[in-house]
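Chains as they are written, first to last, in UniProt numbering: chain U, 1 to 453; chain Y, 1 to 376.
Warning: the hint list may mix true and false statements.
Claimed, not checked - Computed footprint of chain U on chain Y; a stretch qualifies when at least three of its residues, placed anywhere within it, have a C-beta under 8 Å from a C-beta of chain U:
#, region
1, 126-136
2, 158-171
3, 253-261
Stated by the list, open to error - Cross-link-like lysine-lysine pairs, in silico, DSSO-like; alpha carbons within 30 Å at most:
#, chain 1, residue 1, chain 2, residue 2
4, Y, K372, U, K357
5, U, K427, Y, K85
6, U, K430, Y, K372
7, U, K63, Y, K372
Quick caveat, the hints were computed from the structure, so don't treat them as lab data.
Every residue gets a Cβ at the ideal spot worked out from N, C-alpha and C, and that includes glycine.
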Amino acid sequence: MSSKAILQRSWRATCRSPRMGAPKPTYAPRRWSGSISQRPGSDRVLFPGAVNSKFTTDMSFLKASDLPAIPTYRVIDSDGELVDNSRAPPDVSDEEVLTWYKNMLSVSIMDVVMFEAQRQGRLSFYMVSAGEEGIAVASAAALTPDDVVFAQYREAGVFQQRGYTLKNFMGQLFANCNDTGKGRNMPVHYGQNYPRIHTISSPLATQIPHAAGAAYALKMQDLQNPNRERRIVACYFGEGAASEGDFHAALNIAATRSCPVVFVCRNNGFAISTPTLEQYRGDGIASRGVGYGIDTIRVDGNDVFAVNEAMKEARRLALTDGGRPVLIEAMSYRVSHHSTSDDSFAYRARVEVEDWKRRDNPIIRLRKWLENKGLWNDELEQETRDSMRKAVLKEFSEAEREKKPPLREAFADVYEELTEEAQAQMKELKRILETYPDEYDLRPYKDGVKGLD
Amino acid sequence: MAAPRLFRPASRVLSSRLSTFAKRPAFAPLCAQSALRVRSYATEGGVKEVTVRDALNEALAEELEGNEKTFILGEEVAQYNGAYKVTRGLLDRFGPKRVIDTPITEAGFTGLAVGAALAGLHPICEFMTFNFAMQSIDQIINSAAKTHYMSGGIQPCNITFRGPNGFAAGVAAQHSQDYSAWYGSIPGLKVVSPWSSEDAKGLLKAAIRDPNPVVVLENELMYGQAFPMSEAAQKSDFVLPIGKAKIERAGKDLTIVSLSRCVGQSLTAAAELKQKYGVDAEVINLRSIKPLDVETIIASLKKTGRLMVVESGYPMFGVASEILALSMEYGFDYLTAPAVRVTGAEVPTPYALGLENMSFPQEDTIVTQAAKLLRV
């Protein structure tokens, strides 16, 4: 017997023991009324583990390869044309689409600059999101500012779309006093208080169960306060992370606890060097959602309209019937290297990457759509790119010269309150700094010695 | 286990009734032999400069060659030659059955490796870093370390867990942890931590050959560092005993015990101590964390009367704490000053370079603390 079963048994035994009185009525019906007995003559399975399954005398195994692959939802094709002319055009204003486009462009320009900066040794690490800007920006556009986001590390577009500024990005990357993480985190581990995006966590997939938990908390809060605008959690991860146990645990717990969370899987074909073929053998990640009883859709991740529409609908679904999880698998191709620590040409052909770059990517596709509508042209493109590049470089050089966080931040936040030891150390440090002011250059730190107060 | 071990007092009560307690061997000759060989760029015939990365690679290749029960698995180990290129060329040489890329599922591939070990194979399980092994620590501790015992000795578990441990450059809180103390506290595991190329090769080979689960804690910052490697160490039968420390520098005034990357820092600090204050520090490279070579440490302490332990783990409940406790139990009367620890700071590792530097022992930290201890 597993230890869980033993615990459960003893818990039940305790609850039923006469000394404890009757079991709490709130739990009793939930736990025990579900037992289903086999009725004679039934044509269906009535075992507790699978309801509504018909008996069959045909012994055949389900073969994954026989099932049709889950289709991929698409609104515009790679030429930027509406695929289905019988449907209404995407329900998004021109200004909004232009914002998306500029946000995607901004991220991609920042990526190029920062990747080079890392190569020059000006920061230790960076991750670009080339090829996946569309998934991030268009899905974040479907969220309200009160919705909560858990991201992995390739979602700069989500931050951009939710109001994270170039100053914020650069502050984090250069660990200066504008960094909300106070210089403590690796580059690209952004975090934002409002609209809330939880600070990126390095270990893969840990954010997925957290997202289920946060969604559960939102659901509870919304139950206690029915008047407030209802919120969901959006949780991003790659198809590689979906191999971790945490992914499976998260989907199952989110489904069983009916958590209003939208899981967005960016399936970009590679987990660092591991191609999807070696990552899994099923029909992508979408097929797993169905297995956990979760409403699931697969979308073309290079099509911002498809992503946005799917996300809007997913958000609506997640809030129906008191809340439930939804899974979106957004297909794309990771044009970039995994990170600055990776050289992807060691495991894939350069020509394949160039091919993808040229043939299809979310930015080019949206640009074609905009040009078809007469909203964009070469001149605007050049102008926008130039000014964005300038803005990035300006924030870059300012961030490099910006002051470091105040000295107290070297001691704070290990615990909610400063420990007595940390307080004593700060006091001692202050005494030393004030006694020997010529020995220590405090100019690089915000507020100098006062930064210890 | 290599040498007769000293037992902790509690277990000594037990063991003294069951068996005769092993007498402490004579220490002195052991210490004299190996003084100061590694850092000198010896020119005698056959010595070669080898990086730690290549030494590990050589060890893996030799063991894959010599024992068909071995295979290596992990993320990126095959096609990509390993995240840190330690497994370079092994896929080409041994094929995809012996060098296996896994999906990103630590719990999955660690569990698979443990299962293969329980079935009689000798897997070598690589973690991209030991920080990621947290995802599968249940497999390492609850399954690998305990199954031999729980099965009444029926199920072997000849498995090697290896990968970089401790902090690297600019990888912050969740990628910088030192697990020496974590694994060192688990009965059933053996834990080694190489510093030089000879350590790396000899200990990894010993780990693979050892019939128990062995955790090999490497250091990312050391991979590219070259060390002279003796002719003996270049041979394919070169194996170091697990459980034996090495005296890297002989001295009479202070014993510095250290492991992994901190050994190099301690040696530099020792040289500076000699130059600045004329004191001779003895530097002991632990090599093995579990079993711990208490004899060598105590023998040195008896000689110098002062003990300092340098490690990059956290200050509390760490390898240094353990050695200080042992020195109190076995060397208290020989200490002429309270023993000290120089460790990582009690803070999740920050990213910013200035903060990161302050979070770990630096050479000048060691020198300053040693000077304080010696009152020079």
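Hint check:
1. Note: the region 126-136 of chain Y has 4 residues with beta-carbon separation from chain U under 8 Å; the three-residue rule is met and the coverage holds.
2. Note: the region 158-171 of chain Y has 3 residues with beta-carbon separation from chain U under 8 Å; the three-residue rule is met and the coverage holds.
3. Taking a C-beta to C-beta cut-off of 8 Å, the region 253-261 of chain Y contributes 0 residues in contact with chain U, too few for the three needed, and the coverage statement is violated.
4. Between K372(Y) and K357(U) the alpha-carbon distance is near 61 Å, which puts this suggested pair outside the 30 Å criterion.
5. Simply put, K427(U) and K85(Y) have alpha-carbon atoms about 46 Å apart, too far for the 30 Å limit, and the pair is violated.
6. Our distance criterion of 30 Å between C-alpha atoms is met by K430(U) and K372(Y), whose separation comes to about 22 Å.
7. Proposed proximity of K63(U) and K372(Y) is contradicted: the alpha carbons are some 72 Å apart, above 30 Å.
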